[in-house]
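K.L.:
The primary structure of each chain is shown beneath.
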Amino acid sequence: MQDPRETIRQFIWTNHIEGKLPIELKDNTRLRTSGLLDSLATVGLISFLEKEFDVEFSALELTVDNFDSINHIVSLVSKKMK
Amino acid sequence: MTSFRSAANLGEIAHDALRRYSKQPALWVDGRMYTYAELEDLAWSIAAHALAGAGARRVAVLAARNEVAYGSILGAVLAGATYVPLNPRFSSARILDILQQSAADLLVCDKRCATMLDSISASLPAGLSVVVIESGNSGWLAGSSAVRTVPRCTRDDIAYIMFTSGTTGRPKGVPVSYGNALSFLANFSDRVPASSEARFLQLLDLSFDPSLQDLFGCWSAGATLYSAPEGMATMADRFVQEFQITHFTAVASTAALLQAQGRLVPGALSSLRQTIFGGETLPVGLAASWRKAAPGSTVRNHYGPTEATVAITECIWQDAWEPELVGSVPIGEVFDGQQVLLVDASLREVPSGTVGELLVSGTQVTRGYLNNPEATRQSFVLLPGAEGLWYRTGDLVERDPRYGLVYRGRVDQQLKVRGFRVEAQEVESHIRAASGSDLVAVVGWPKNEQGLITGLVAFAVAPNVPEAMILESCRGRMPDYMVPARVLTVEELPVNANGKVDYAALAIACGRMGS
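Chains as they are written, first to last, in this note's numbering: chain A, -10 to 71; chain B, 1142 to 1656.
So that you can see chain A by itself, here it is in the shape it has in the complex (with noise of 0.2 Å):
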């Protein structure tokens, strides 16, 4: 199986970057704070994080900060896979 970042980061670029914005897309890059996804995108990404790796989050877990990096979302999944 793929890195878990690795998947992450290639859904967001593919779907929200790539030929859209001059940008890099770090581990670090604000993703929600920053405006680069807006809520009908985090809609989209947490339905794909919930398929691609079997979890199901909280209300709780659904904070800004939880979804605001790669960082972030890979600390977030990565608990919840536990």
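One or more hints might be untrue.
Examples of chain B residues lying across from chain A (beta carbon under 8 Å, computed) [as the list claims (entries may be wrong)]:
| hint | residue |
| --- | --- |
| 1 | 1370 |
| 2 | 1371 |
| 3 | 1374 |
| 4 | 1402 |
| 5 | 1633 |
Bear in mind the hints are in silico, worked out from the structure with no lab data behind them.
Yeah, the Cβ is synthetic: ideal placement off N, Cα and C, and Gly gets one too.
Following the hints, put chain B in place on chain A, whose structure we already have.
P.N.:
Showing chain B alone in chain A's frame:
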């Protein structure tokens, strides 16, 4: 106990509730619960800034969804000032425009939003003082020693100023008086029962006026307000389940998104008792699915422009309507103390049973736009033979003997396609039926050199349904001129800051596509 009908201003209501329910939970936001007593300390520490010196009259609030935002609105209300909600999702230019137009003299913002001011700091109005409060820092919990007395102000004083979305031109400010706000809240709480055990989910931005009913409908009852984090309205079902939410206010698009993701399954929202949809039309199929997902909930369709204070009519959905009603849920009957009239283009009442522009009047109707006499003259009119000031909603409405008022589209969304008059609404309801999706939008496109519309383009969130199939089904249902030239099946529809479908963005998308 102070009631919405007897109070002179909203500050009295807030002050009363904060004292009365002190130990009870008031607000869950940003992962933490605040009691009424904590909220009171926070609100008064912000009110103290507004009351200092000569006193601030207009308090602008720029904060993410955290305790600073809620505390600042309460603080402004306790100080008898006017609150002007800004939205971190607004551009800096829009924020500056609103600060200038509203002549705000105090701006309260949280630390994160303070950086948004960097690019406009040189242009900020001279008389504006800025207070930055760090969210999550409970320094204010010590409480301010200032006297906690709500200053005298009257029902004619302005409670808040909301700005129109400004999709066509500069945003217009709508000053809403304490009298307007209290009239609305009295009508709201008469209709929507809430006890101190109730749990309200707060999804809407504070710059969108139905948030008024979330905040004050909830707190006046001693209930608990749960604030969904920024951008998480689309995951509303999770919050309903986690917190056993009883009261739910949203735009129909939020429900349609849940539906599109297959999350509106029967019983999924069983804790709900009251659902209020407002701000856009509610498709019949969606109301029916919502009732199945939330069988314990009354489903209310609220209608009203910001100029008439949040909502002025209500229709309670009846399950028996599902097989017989097509299109959208009616908007029902007008609230107590308010009047409606259906008129033609020359403002004469239309015969019963015909479609006319809806005019509204009454204690909820505001007096006009902020510093904009021209726009006020156009929209706020006096009528011969009818008392009071009437607001022209620009909405086409018909009175049905069975359902009450029924929405028939916007005066300015009435499209003329090759000379035929077409209601975008009506085409949308056909596309919904044909595509099986509730998320659809129809725009007039393309336009010829004279600016006249020569066709329609439909958008439907139905990625797996072939365009040809939808078109085929449309051809069987409606006259040729109403059938869209194209039906674009898309993953999502653009929405504006209030979560409503953004028609202007769709028109631009059509323009990019070429004709």
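K.L.:
Against this structure, judge whether each hint is valid.
P.N.:
Each hint, compared with the structure:
no., hint, verdict
1, 1370, "5 Å, holds"
2, 1371, "5 Å, holds"
3, 1374, "6 Å, holds"
4, 1402, "7 Å, holds"
5, 1633, "5 Å, holds"
The earlier numbered hints are all upheld by this structure, with none contradicted.
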